[in-house]
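Colleague: Now for the letters of each chain:
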Amino acid sequence: MLYAMLIYQNEAAAKAATRAELDESVALFEAFHDKMNRAGHVQGGERLRHSDTATSVRVRDGKTLVTDGPYAETKEQLGGFYLMECADLDQAIEVAAQIPSADDGVIEIRPVYTDPFGPQS
Amino acid sequence: MTTYALPSIPSSPVISRGSSVADDVQSPAMVLVQDVLEDVVHQDGARLLAALISRFGDFELAEDCLQDAYAAALLAWASQGLPANPAGWLMTTARNRAIDRLRRAGKLQGKLAKVAPDRSRGPFDRDPILPDPIPDERLKLIFTCCHPALTVESQVALTLRTLGGLTTDEIARAFLLPTATLAQRLVRAKRKISRAGIPFRVPDAHQLPERLDAVMTVIYLIFNEGYQARSGESLVRADLSQEAIRLGQVLVNLLIAERMEAHLPEALGLLALMRLHDSRRPARLDAAGDLVLLEDQDRSGWDAVELASGLDDLDRALAMDGVGPYQIQAAISAVHARAKSYSDTDWPEIVALYSALDAITPSPVVRLNRAVAIGMAHGPEEGLRALESLEADAETSLAGYGPFHAAQADLLRRAGRPHAAAAAYRQALELTENEAEARFFLRRLRDFGLDEHHPKGDPSA
Numbered sequence: 001m002l003y004a005m006l007i008y009q010n011e012a013a014a015k016a017a018t019r020a021e022l023d024e025s026v027a028l029f030e031a032f033h034d035k036m037n038r039a040g041h042v043q044g045g046e047r048l049r050h051s052d053t054a055t056s057v058r059v060r061d062g063k064t065l066v067t068d069g070p071y072a073e074t075k076e077q078l079g080g081f082y083l084m085e086c087a088d089l090d091q092a093i094e095v096a097a098q099i100p101s102a103d104d105g106v107i108e109i110r111p112v113y114t115d116p117f118g119p120q121s
Numbered sequence: 001m002t003t004y005a006l007p008s009i010p011s012s013p014v015i016s017r018g019s020s021v022a023d024d025v026q027s028p029a030m031v032l033v034q035d036v037l038e039d040v041v042h043q044d045g046a047r048l049l050a051a052l053i054s055r056f057g058d059f060e061l062a063e064d065c066l067q068d069a070y071a072a073a074l075l076a077w078a079s080q081g082l083p084a085n086p087a088g089w090l091m092t093t094a095r096n097r098a099i100d101r102l103r104r105a106g107k108l109q110g111k112l113a114k115v116a117p118d119r120s121r122g123p124f125d126r127d128p129i130l131p132d133p134i135p136d137e138r139l140k141l142i143f144t145c146c147h148p149a150l151t152v153e154s155q156v157a158l159t160l161r162t163l164g165g166l167t168t169d170e171i172a173r174a175f176l177l178p179t180a181t182l183a184q185r186l187v188r189a190k191r192k193i194s195r196a197g198i199p200f201r202v203p204d205a206h207q208l209p210e211r212l213d214a215v216m217t218v219i220y221l222i223f224n225e226g227y228q229a230r231s232g233e234s235l236v237r238a239d240l241s242q243e244a245i246r247l248g249q250v251l252v253n254l255l256i257a258e259r260m261e262a263h264l265p266e267a268l269g270l271l272a273l274m275r276l277h278d279s280r281r282p283a284r285l286d287a288a289g290d291l292v293l294l295e296d297q298d299r300s301g302w303d304a305v306e307l308a309s310g311l312d313d314l315d316r317a318l319a320m321d322g323v324g325p326y327q328i329q330a331a332i333s334a335v336h337a338r339a340k341s342y343s344d345t346d347w348p349e350i351v352a353l354y355s356a357l358d359a360i361t362p363s364p365v366v367r368l369n370r371a372v373a374i375g376m377a378h379g380p381e382e383g384l385r386a387l388e389s390l391e392a393d394a395e396t397s398l399a400g401y402g403p404f405h406a407a408q409a410d411l412l413r414r415a416g417r418p419h420a421a422a423a424a425y426r427q428a429l430e431l432t433e434n435e436a437e438a439r440f441f442l443r444r445l446r447d448f449g450l451d452e453h454h455p456k457g458d459p460s461a
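The listed protein sequences correspond, in order, to chains A and B. Under our numbering, the residue at position 42 of the first sequence is numbered 42, and the numbers go up by one with no gaps. Under our numbering, the residue at position 174 of the second sequence is numbered 174, and the numbers go up by one with no gaps.
None of the hints are false.
Below, computed lysine to any residue pairings styled on SDA-like, alpha-carbon distance capped at 25 angstroms:
hint, chain 1, residue 1, chain 2, residue 2
1, B, K192, A, L6
2, B, K192, A, G105
3, B, K192, A, F117
4, A, K35, B, A196
5, A, K35, B, D204
6, B, K140, A, P111
7, B, K107, A, D88
8, B, K140, A, A97
9, B, K192, A, D88
10, B, K107, A, L2
11, A, K75, A, R110
12, B, K107, A, R110
13, B, K192, A, Y8
Hints in this document: simulated from the structure, not taken from any laboratory.
Same shape as in the complex, but just chain A:
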């Protein structure tokens, strides 16, 4: 099954990080990525810029409303995501637990529709 792993992090803490701390974090992610890639899990994923660069768009009564900022103003923000192929939820949980951000943030696991235009099931 294909799972999206959404990485939620405390942005304030990330912004306050020192250069050395950032380097360490990058190294951890690189190691994680390599390991998961070799195991055949990684199908995709991106790191997102901070939520102060976010723009939210909604269309109401035919009008496009654009607002500055993320959908929800919370301390923890979506900071990136992975698409991981895993046998089942147990394996997905194991993979998610190894994402370096799991130590201080939260990883939300969401199964991905195999056929996005198929019936809702």
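The hints should help you fit chain B onto chain A, whose structure is shown.
Modeller: Just chain B now, kept in the frame of chain A:
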């Protein structure tokens, strides 16, 4: 369909002798068939469901098809007689139904595509013979139902529904919930299992201890839900304890069958703990339905058979390697079970067991119980000192914790300090939400002759 209830009997020419459509009088044959089916469902339902899930890899499909098979059985068995192997009949029927559904949905692939429905032994054959005996895959089913990605409420409901064979309606009544709420909870849980990919398998070795803990937590929750039921509440609720004991025994048997003996001691410990507690049930409530403290229970009323099998389970557990919290709690219960009276109890042993428990699972509640035991072993003053140090060590204040004041009150009473004791009873009274407990505290206060002006008054007045 997700709620299992035996379907109402449709009017069929074979079984309905009356001419009126509204005539819903059941024929004797139908009543018998219904009884037999209920027995088979309770005995073999979980095994059938587990085998179907294992075969088709789809929880919802397996359950739906098993429901269909139950409905078909009612009709077929009434008109054509009971099959020699009812469980096998249900398995074959449900399996054929599943293959039909998959074929119609165009989802039959690979190996499954080659499996044709067994037409020669269709639902209306008397005695379908299975190519092989139904494998017991219930351990996998337990781990699916108690998966931590489900809410604990869902885990409990799903376990009772699939492994306990209780109807949705029975579970709803046991938890004092509307049937629709519980049905919805089960639907959501099953949907999550399918869509999130919650596996149907025994977890890998390194995940096993944690996941087995989750399973035992669910079983113990079910037990306590029933154990705390008071008289006047539905019988189904009290039956939850029996069901939990049955599940505990199933877990033990499966661990043995799967050669997972390393995890057996705690599973046996849990079973012993439940049986030892349950053995006191007959003496636990008085005629008015009030809780009788262990101290005041008539021990001749304890269920000797249940007690003996609890002690037996515990002995088996302790003879193995791998002590854990359930075994220690069962051992504490066993010390009480072996004592002739409350005062005759081996209190120093109980103090030692609570110390051991606190070392594995530290908690203020365990230390509170330990202080009470110290009060019994070495006198109330020692107990009070233990309480004081507990209060000093506690990270959060125990001032808002009723049982703390109740324990303190009892120790003060026994130390011959009625005024201090009364003050503690009043605090305990203030904090309790349990009516029977409140009546007990008021009774104690009355014994001191110090209760006249309490704002909560006397409910019995």
